[in-house]
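Residue numbers (my numbering), protein chains in the order written: chain A, 319 to 431; chain B, 8 to 125.
What the hints contain is simulated information worked out from the structure, not anything from laboratory work. One thing to keep in mind: the hints can contain errors.
Stated by the list, open to error - To give a feel for the contact side, a few chain A residues facing chain B, derived at Cβ under 10 angstroms:
id : residue
1  : G376
2  : F378
3  : F381
4  : A431
What the hints assert, rightly or not - FRET-style restraints, in silico, Cβ to Cβ:
id : chain 1 : residue 1 : chain 2 : residue 2 : range
5  : B       : P93       : A       : S385      : 38 to 48 angstroms
6  : B       : M52       : A       : Y388      : 18 to 28 angstroms
7  : A       : M398      : B       : L75       : 21 to 31 angstroms
8  : B       : S22       : A       : I335      : 25 to 35 angstroms
In this text, a Cβ means the ideal position worked out from N, Cα and C, and glycines have one as well.
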Amino acid sequence: GQNIDQPTEMTATEGAIVQINCTYQTSGFNGLFWYQQHAGEAPTFLSYNVLDGLEEKGRFSSFLSRSKGYSYLLLKELQMKDSASYLCAVRDRGFSGNTPLVFGKGTRLSVIA
Amino acid sequence: GAVVSQHPSRVICKSGTSVKIECRSLDFQATTMFWYRQFPKQSLMLMATSNEGSKATYEQGVEKDKFLINHASLTLSTLTVTSAHPEDSSFYICSARLLGRGTQETQYFGPGTRLLVL
Numbered sequence: 319g320q321n322i323d324q325p326t327e328m329t330a331t332e333g334a335i336v337q338i339n340c341t342y343q344t345s346g347f348n349g350l351f352w353y354q355q356h357a358g359e360a361p362t363f364l365s366y367n368v369l370d371g372l373e374e375k376g377r378f379s380s381f382l383s384r385s386k387g388y389s390y391l392l393l394k395e396l397q398m399k400d401s402a403s404y405l406c407a408v409r410d411r412g413f414s415g416n417t418p419l420v421f422g423k424g425t426r427l428s429v430i431a
Numbered sequence: 008g009a010v011v012s013q014h015p016s017r018v019i020c021k022s023g024t025s026v027k028i029e030c031r032s033l034d035f036q037a038t039t040m041f042w043y044r045q046f047p048k049q050s051l052m053l054m055a056t057s058n059e060g061s062k063a064t065y066e067q068g069v070e071k072d073k074f075l076i077n078h079a080s081l082t083l084s085t086l087t088v089t090s091a092h093p094e095d096s097s098f099y100i101c102s103a104r105l106l107g108r109g110t111q112e113t114q115y116f117g118p119g120t121r122l123l124v125l
């Protein structure tokens, strides 16, 4: 089966750092993605991890541990515009060309002043 | 990043009518596009995988005769909701797959189409 877990909601203060965790149990693994989705809009791509370790991209970093089935998204220097849902998604089949993503339910982050 | 467009962005229709949603990759060719549906406060649920020049692959529980998918070119996929009912009201989002180096793959999402069936 497929199961992707992330916290439903989080609140953090402007300027602070927040870590959003994601755990997954899938039949296979071939990459983990993080997307940001503002209310009423489509998701936008943030990061991609396929090997263990930390990928840094500006204020956003994403970490992956394949042995633990675990990832986190780290947001630094939070801004009000970072208030959004953050979706963890896993590609659970091999790279065959038609591999969709399995999405978690998303974590709704509220940034407060 | 790559750009994917969807049209229309919002549609209201009467029960029993059909609605066509277009998904276009504007600056790259996409052999594979995905159609998702998202209900309020829910996650994205994959409906089908659309392959250029061949039949779409539908997820379990999605009626292929109700949700017609056509991927006639490398930049366009269409989803037609036939005989729409109020329970079909949802946010429909397409994504197009862009290949990177090695096995890296990124899916870019369209802006979504909000369908309301009265």
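To see whether the hints hold, each was checked on the structure:
{"no.": "1", "hint": "G376", "verdict": "14 angstroms, violated"}
{"no.": "2", "hint": "F378", "verdict": "14 angstroms, violated"}
{"no.": "3", "hint": "F381", "verdict": "17 angstroms, violated"}
{"no.": "4", "hint": "A431", "verdict": "25 angstroms, violated"}
{"no.": "5", "hint": "B:P93 with A:S385: 38 to 48 angstroms", "verdict": "46 angstroms, holds"}
{"no.": "6", "hint": "B:M52 with A:Y388: 18 to 28 angstroms", "verdict": "24 angstroms, holds"}
{"no.": "7", "hint": "A:M398 with B:L75: 21 to 31 angstroms", "verdict": "42 angstroms, violated"}
{"no.": "8", "hint": "B:S22 with A:I335: 25 to 35 angstroms", "verdict": "49 angstroms, violated"}
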